[in-house]
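In our numbering, the protein residues as written are 21 to 216.
Treat the hints with care, as some may be off.
Unchecked claim - With a straight-line Cα cutoff of 35 Å, these simulated DSBU-like cross-link-like pairs (lysine-lysine) come out:
1) K182 x K117
2) K209 x K140
3) K216 x K123
4) K216 x K117
5) K209 x K90
6) K182 x K121
7) K90 x K114
8) K123 x K140
9) K121 x K216
10) K117 x K140
These are computed hints drawn from the structure, not numbers from a lab.
Only a predicted model underlies this, so the values are computations on that prediction, with no experimental measurement involved.
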Amino acid sequence: MKSLIFKITFPLLTAAFLLAGCQDDKAREKATEQALEKPSTPAATAPASPSTPATVGSLPLSISNKTASKGSEACVTVTARNFNQIVSMQYTMKWDKDVLKFKGLQGFNLPGLGADNFGKNHTDQGLLTYSWYDANVRGITRPDNANLYDVCFEVIGGPGSKSFVEFANAPTIIEIANVNSEFLDLDGKAGIVEVK
Numbered sequence: 021m022k023s024l025i026f027k028i029t030f031p032l033l034t035a036a037f038l039l040a041g042c043q044d045d046k047a048r049e050k051a052t053e054q055a056l057e058k059p060s061t062p063a064a065t066a067p068a069s070p071s072t073p074a075t076v077g078s079l080p081l082s083i084s085n086k087t088a089s090k091g092s093e094a095c096v097t098v099t100a101r102n103f104n105q106i107v108s109m110q111y112t113m114k115w116d117k118d119v120l121k122f123k124g125l126q127g128f129n130l131p132g133l134g135a136d137n138f139g140k141n142h143t144d145q146g147l148l149t150y151s152w153y154d155a156n157v158r159g160i161t162r163p164d165n166a167n168l169y170d171v172c173f174e175v176i177g178g179p180g181s182k183s184f185v186e187f188a189n190a191p192t193i194i195e196i197a198n199v200n201s202e203f204l205d206l207d208g209k210a211g212i213v214e215v216k
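Using the sequences and the hints given, assemble the complete structure.
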């Protein structure tokens, strides 16, 4: 039987594995030395940070403004322009947790969109994650200024305080794609909730 050497290359580590079938210890040692002496070509390594895909345009999303009293509910609406043949989108929304306390979601206006599309684990930190896709993968189109959904808050800040409600890239990164598998930038306009 002949020796079989299986070599795995890592950026900082090269290991040679000898599988069963070596004639004796000397043959095994010689095969190991040969494997370790040969310069290895490093395997392709993943970049240190995720690469940003090229984009072909942008999707303008806006969050409405509200004025509300402390202790009341304030719902802001997310609207879109140029929402043409979109198959998926994800991002994070953020706000000042000392002014607004997440309460709920309503007014869903995309197929398959509901409360389960939102990650609510970090709302106490002022973060709400969002991920939606068109299950039919045909692309969804909406008229300009169409409402997509509402985010509702309990106003906990004192009179004169305010909070921006805006789109963010963490913890869920911004990614929007159309039916042609092209990526779009998010052209986000933040909303403001002012406490009267």
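Hint check results:
For the hint pairing K182 with K117, the CA-to-CA distance comes to about 11 Å; that is within 35 Å, so the pair holds. Of the pairs offered as hints, the one joining K209 and K140 holds, with about 22 Å between alpha carbons and a cut-off of 35 Å not exceeded. Taken as a hint, the K216 and K123 pair is honoured in the structure, with Cα atoms around 19 Å apart against an allowance of 35 Å. The hinted pair formed by K216 and K117 meets the criterion: a straight-line CA distance of about 17 Å does not exceed 35 Å.
Between the alpha carbons of K209 and K90 the distance comes to roughly 24 Å, so the proposed pair stays at or under 35 Å and holds. In summary, the hint linking K182 to K121 is supported, as the alpha carbons are separated by about 13 Å, within the 35 Å threshold. A threshold of 35 Å between alpha carbons decides the hint, and for K90 with K114 the separation of about 19 Å falls inside it, so the pair holds. A C-alpha spacing of about 10 Å is found between K123 and K140, which places the hinted pair at or below 35 Å, so the restraint holds.
Among the hinted pairs, K121 with K216 is consistent with the structure: their alpha-carbon atoms are about 16 Å apart, no more than 35 Å. At most 35 Å may separate the alpha-carbon atoms for a hinted pair to count; K117 and K140 meet this at roughly 13 Å.
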